[in-house]
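Protein chains in written order, with the numbering used here: chain A, 1 to 497; chain B, 1 to 102; chain C, 1 to 88; chain D, 1 to 488; chain E, 1 to 234.
Worth flagging that the hints you see were computed from the coordinates, not collected in a lab.
Check before you lean on any hint, since a few could be wrong.
[Stated by the list, open to error] Covered by chain B, according to a simulated footprint, are these stretches of chain D (three or more residues, beta-carbon under 8 Å):
#1 83-95
#2 147-156
#3 178-184
#4 431-437
[Claimed, not checked] Listed below are several chain E residues computed to face chain C (Cβ distance under 10 Å; list not exhaustive):
#5 V114
#6 G118
#7 G129
#8 F217
[Stated by the list, open to error] One-sided excerpt, in silico: chain B residues whose CB lies under 10 Å from chain E:
#9 A20
#10 V69
#11 R91
Values in this document were obtained by computation on a predicted structure and should not be read as measured data.
Beta carbons: idealized from backbone N, C-alpha and C, even for Gly.
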Amino acid sequence: MSGAWLPLATLATSLLASLIIFALPEHRHSIRTTVNILAATLKLALVAAMTWGVFQGRFYGISYEMLPGVRFVLRADAVAMLFAGLSALLWLFTTLYAVGYLEGSPNRSRFFGFFSLCVASTLGIALAGNLFTFFLFYEMLTLSTYPLVVHRGTPKALRAGRQYIIYTLGGGAVLLLGVVLLYQLEGDLAFRETGHLMGSDPARYPALIGIFALLVAGLGVKAALVPLHGWLPTAMVAPAPVSALLHAVAVVKAGAFGIVRVVYDIYGIDFAASLGVLEPLAWVAAFTVIYGSLRALWQSDLKRRLAFSTVSQIAYIVLGISLFGPLGTVGGLVHLLHQGIMKVTLFFCAGNYAETLGVHRVDELDGAGPRMPLTSLAFTVAAFGMIGIPPLAGFVTKWMLGRGALAADMAWVIPVLLLSSLLNALYFLPIVYRLWFRPLRGDWPAERALGRLETHALLLWPPVFTAVLTVLVGVLAAAPFSPLAWADLVALRMYLP
Amino acid sequence: MTSALLYVLAGALLCGGGLAGCLLVRHLLRRLLAFNLLGSGVFLLLVGLPAHRHGSDPVTHALVLTGIVVAVAATALALVLIRRYFHLTGRVSLPTGRQEDR
Amino acid sequence: MTELWLDGLLVCALLATAAGALLSRDLFRAVVMFIAFGLLMSLAWVRLRAPDIALAEAIIGAGLSGVLFLDAVSHLRRRPAGGAAEDD
Amino acid sequence: MSSLLMAGLLFTPLAWAVLCLLLAFRAARLASVIGMLLQMALSLALWAWVAEQGGFFYHLGGWAPPLGIGLRVDGLAVTFVLLTALVGAACGLHAGLYLDPSRPWQRYFWPLFWMLWAGLNAVWLAGDLFNLYVGLELITLAAVGLVVLGGAAPALEAALRYLFAALIGSLAYLLGVALLYAEFGSLSLVGVGEGAGSASPAASFALLIMLFGLAVKAALFPGHTWLPPAHGIARAPVSALLSGLVVKAAFYVAARVWLELGPALEAAVVGVLLGVAGSAAVCWGSWQALRQPQLKLVVAWSSVAQIGYLFLLFPLSHGVPEAVSLQAQQGVTLQVISHALAKSAMFLAAGNLILSVRSKRVEALAGVSRYLPLSLFSFGLAGVSLMGMPPSGGFAAKWLLLQASLASGQWWWAAVLLVGGLLAAAYVFRIYRASFQEVEESDPFYHPPRSLEIIPLVLALLALGLGLVAEPVLSVLGLPFGGEVLSP
Amino acid sequence: MIERARQALLGAACLLFTVCLLWAVRHLVALPAEQQALSVLLSRWLPDSGVSHPVTAVLLNFRSYDTLLEIGVLVIAGMVGISLARTSALEDPAMRSADPLLHALLRLFLPLLVLLAGWLLWAGSSRPGGAFQAGALLAAAGVLGRLAGLPMAFLRPGTLLRAGLVLGFSVFLLIALLGALDGRAFLAYPPGLAGALILVIEAGLSLSIGMILLALFVSAPVAPEEDADGGPPA
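Next comes chain A alone, as it looks inside the complex:
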């Protein structure tokens, strides 16, 4: 088994980092930070190496029998690298940001330990080679994010944690049921680009439809599909880096990514279309898109508004998946990345406002632009991206989705997209307007001086970088190795006979 070490090493970097951090005493801040950043950098390098190898057609994987008839499989394929690349890249930024954000606060050993564990689980989800392995890491993710959500230890945080755990564990149980039923019916199925179930017995179709519903319901909890999204806005009490992690890198993405795996690599897009399960999925996604945007409109708390925006944006991914045809696939997959980059920027900025100025509510943001120009610029770029203004990242996605909808004969999706963009604009533009064009009313709620710049350097640069990325992935969408090009590559393999 050549190339087994690379996926293992990628997993091990963050796993080991987490163990080392747990073992370190609370006060060893500098060692902890060094370990964190080293691990994140190393992991990024490893993922990059692996991505290059996958592009070259090399095979990376490991597989062994964990239970009778059930294998533990890690495998790096094109889709896996899409997600792995995203999480490795954003982990680096989020770690830097978190180091700055949590400076001087208690329980950092615990925080960074679980933080690394969480990223290890995400990598595992990306590299999982079959549904069983996917489930393994999916549940690990649930467990390792709980301590992050309740990190602050306040009654509110504990309540949010309880809600989070009820939703996700319930979803996990449903998913487990689906997975076991599928194993019962079809045996151990490795992920394969064209799916497995094309040739199955028509008598099994009803059962397969039921299993599909179970799987999507289980995954939909983390992907925050309406009506399973309740935990996401509540979990906003967590510190900003955690929100960034939940929304952009790990949790909701894990759900969306799982739906990608189930639709493409287990059922096969052709078979799923012929079962007739894609259309209902598209309806749910479309409803979630609109619902999330509408709810975001009424939120006065900045982070809650962003949270509902996530509900809506993740549904774009699912929508793309449920559009039969390469274009829809490309749209969905590329949004997996683009949304991550944009949303992480937005949360970083929100965190900066909260940390530096003590601002939590939208109507307190008046005049923040001149006070924190770089942060506000990054926020503005990401917000425009979300709305879908060309040539930013969001525009690419929406364009591909629209074309995909037409190709799949589901023209009703177009108005949904338009309406959603309108709503996006309605809830983002007022913020941008307040930032730049409204004068400051009185004092900031809790202003703090953090360094020479507008805020702490570690808080400032990560959002700036990701904002630049938001521009770049949009402008350079046609270049090789852009997310779009990579998604094209994936889609090509999926629709091969």
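Take the given structure of chain A and dock chains B, C, D and E to it, following the hints.
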């Protein structure tokens, strides 16, 4: 071999009575008495049934001797515990009811 | 035939003493009944041609257990509900 | 070689019991550490031997069954022997540091501990019905002795409850043995199994009454009432031993008897009844665990729930295809092993936490997460296994049982498994919740020595890692007999 | 009310149990009589066992492992008993009988009982009797002596008592190991020595059994003013 059968019947009835005593009686000493009766019933069955079918069976005698030793060890231990329990709390039966909620 | 009658009588006595040990109001009486039961059991073992057990039963059931029980009864009577030292 | 190993395995715990009775606490502790190492080495060697050469029968005293007593040294038995060595040694080491040597009665911990170990090994290896009875009694009395150690009133009350339940259970089992002996004229498990070719009402009743007795000893709902007080009141290492190993012994006997006799006696109804009782135990135990104010009672009630899962073996191994039955057996065995590791880890960690916060109550844990991360972490890892979350052994067990229940068409057990997992999560997360609560003041806790904290961590990690190596472990469990008989 | 219902339920269950048991017994006694395989085996192997009384042969040779563990159970009971004993003075003045007649009787009776125990032990190899009966008799003698207030210093919880408790057990255990070290199975006696070794084991067992039962009798709390020493929490 009908006489063995009589003892078998007695053993069966002792089992029933002893079990009822163990489950229903609250006083610890009485419960221990019932336990001993139950034991005697089981031993009678253990010896009596093979004796009825095949005649005297020394293997069962050995087993019952072992069983008696175990029973007497348990009884003596239980008596020590009961006496000490009484000594500390003045109770001769275990409290019932909501002990699970403590 | 007489043997059978004797056995029947013995079994009846066994059951009667057992019932006495279980149902007696007075604890002391119950223990005495239990000792009598042990003696009768010893006889029963003899009738089942198990002399080893009979010997053991006579020493244990009637003798040792009886003394242990009697001693316990007298102890439990001597100090009715006096223990105040409930510690935890 | 293996003959010597067997002799050593049987001799060591009994001999050390004698030795430790004669020594004072500290000397006995030193001797026990040596003994534990020896016993570990012996168990490991025997396990390796069996993994390589296959199982065998060992005739004690050189006399063959049915008159003599044969020990059945198969993969399952040696795995449990090894498990006992692991958990036993961990609890012993923990106890050596945890117990207060200045109390005069603590010296009796060691001989009782070794007797318990001897009894457990006797039960895992037993191939003889009456020998099993004696072994079970050895375990019972040693366990009661450990619970009552110190002789405080609540401990006495719990011990008396436990003693009576266990004694009635043993006698019920013995009654079954008497009936089986009367019918088949044999005491060896294999001999009786061969005799029970066709359904016989007396044998069926015997099976029923044995299972009843053993279920009470294993604390199956509704015969569980003795367990929470006993496991809650005992000292932490003792509770760990009791919950981790002792209740499993009764279940193990029940499973062996069932698998030997159940199929021949067409006892499907009994199986379903036991399954229903197990399901009720899962729900009721978890519910009670959720509302206990005391930490150790939460853990004890969780044992009631987790034992419930084991009894799903009975409906899932009767009247189903061979492959499904095998899956259920493997799943239950994994559950036994992972619960033994996880629950003992949890009790030991709970003991450390109680030591640190100086209170038994759950609310007292507020802030522990900040100052005492290690014990809490062990507790949490053990909780992962109890919840059946991957990659723990508990998850592997749950997966296999889910598959077995769906494959057998008895999907309702799958529902029990899933609901049970969620309920377990509820009570485990309740503890986390309490411990994550932030308190303003500075570190108010007693910090136990590092070695006390390491032991539960190791056990919890083993429980967690078991899922990853479940396949190799299961392959040893299913080893066939080599047919070799060891006797002069 | 619930308690009533519970009791009624349990009573009904016991009744059902008895009926089922009787029904099972009815089936069992109706089975055809046949030659008992174990008895045949026993009489065939008896000459090799070293003793001529079949029950003793089963107890101390064929199924000696049961006996070993059973003595273990007794030892445990004894240990727990003395671990709970809180009495420092073993002679309870309230118990001492002042009756001179009783003392005289006892002086006569006790040696007789001990002698009888010895005889039972010796007889065990060829006829009914053996270690357990002898040990129980010793214990009974001890109980009598104690009730009469005879001083018994050896029952003070101490090394001597503990050594006495496990004497028989350790002798048994060491002899059991002998066979294994010899290359044969655990608990196998060296050829030709079985009879002698069994007698040695039985002698040790009698002493220990007597001591354990006596210790259990003595260790029960007697004095009302003794301290109630609870354990530490947890």
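Holds or violated: F217 (chain E) as interface residue toward chain C, Cβ cutoff 10 Å?
-> holds, 6 Å
Would you say the stretch 431-437 of chain D counts as covered by chain B, given the rule of at least 3 residues with C-beta under 8 Å?
-> violated (count 0)
Apply the coverage criterion to the stretch 147-156 of chain D and chain B: a residue qualifies when its Cβ sits closer than 8 Å to a Cβ of the chain, and three qualifying residues are needed.
-> Coverage by chain B holds here, the residue count being 5 at a Cβ distance below 8 Å.
Hint validity - R91 (chain B) Cβ closer than 10 Å to any chain E Cβ | Violated - the Cβ of R91 (chain B) stays beyond 10 Å from chain E, reaching only about 14 Å at its closest.
Is the shortest C-beta separation between G129 (chain E) and chain C less than 10 Å?
-> Check passed: Cβ of G129 (chain E) comes within 6 Å of chain C, closer than 10 Å.
Take the stretch 83-95 of chain D, compare each residue's beta carbon with every beta carbon of chain B, and decide whether three or more fall closer than 8 Å.
-> violated (count 0)
Hey, does the A20 (chain B) contact hint survive, CB to chain E under 10 Å?
-> holds, 4 Å
Restraint check, 10 Å cut-off on beta carbons, for V114 (chain E) near chain C = This hint is violated: V114 (chain E) lies away from chain C, its Cβ roughly 14 Å from the closest one there, beyond 10 Å.
Three or more residues of the stretch 178-184 of chain D near chain B by CB distance under 8 Å?
-> holds (count 4)
Can V69 (chain B) be said to touch chain E, with a Cβ gap under 10 Å?
-> Cβ of V69 (chain B) sits 5 Å from chain E, so the hint holds.
Satisfaction of the G118 (chain E) interface hint, Cβ to chain C closer than 10 Å | violated, 15 Å
Of the numbered hints listed earlier, those contradicted by the structure are 1, 4, 5, 6 and 11.
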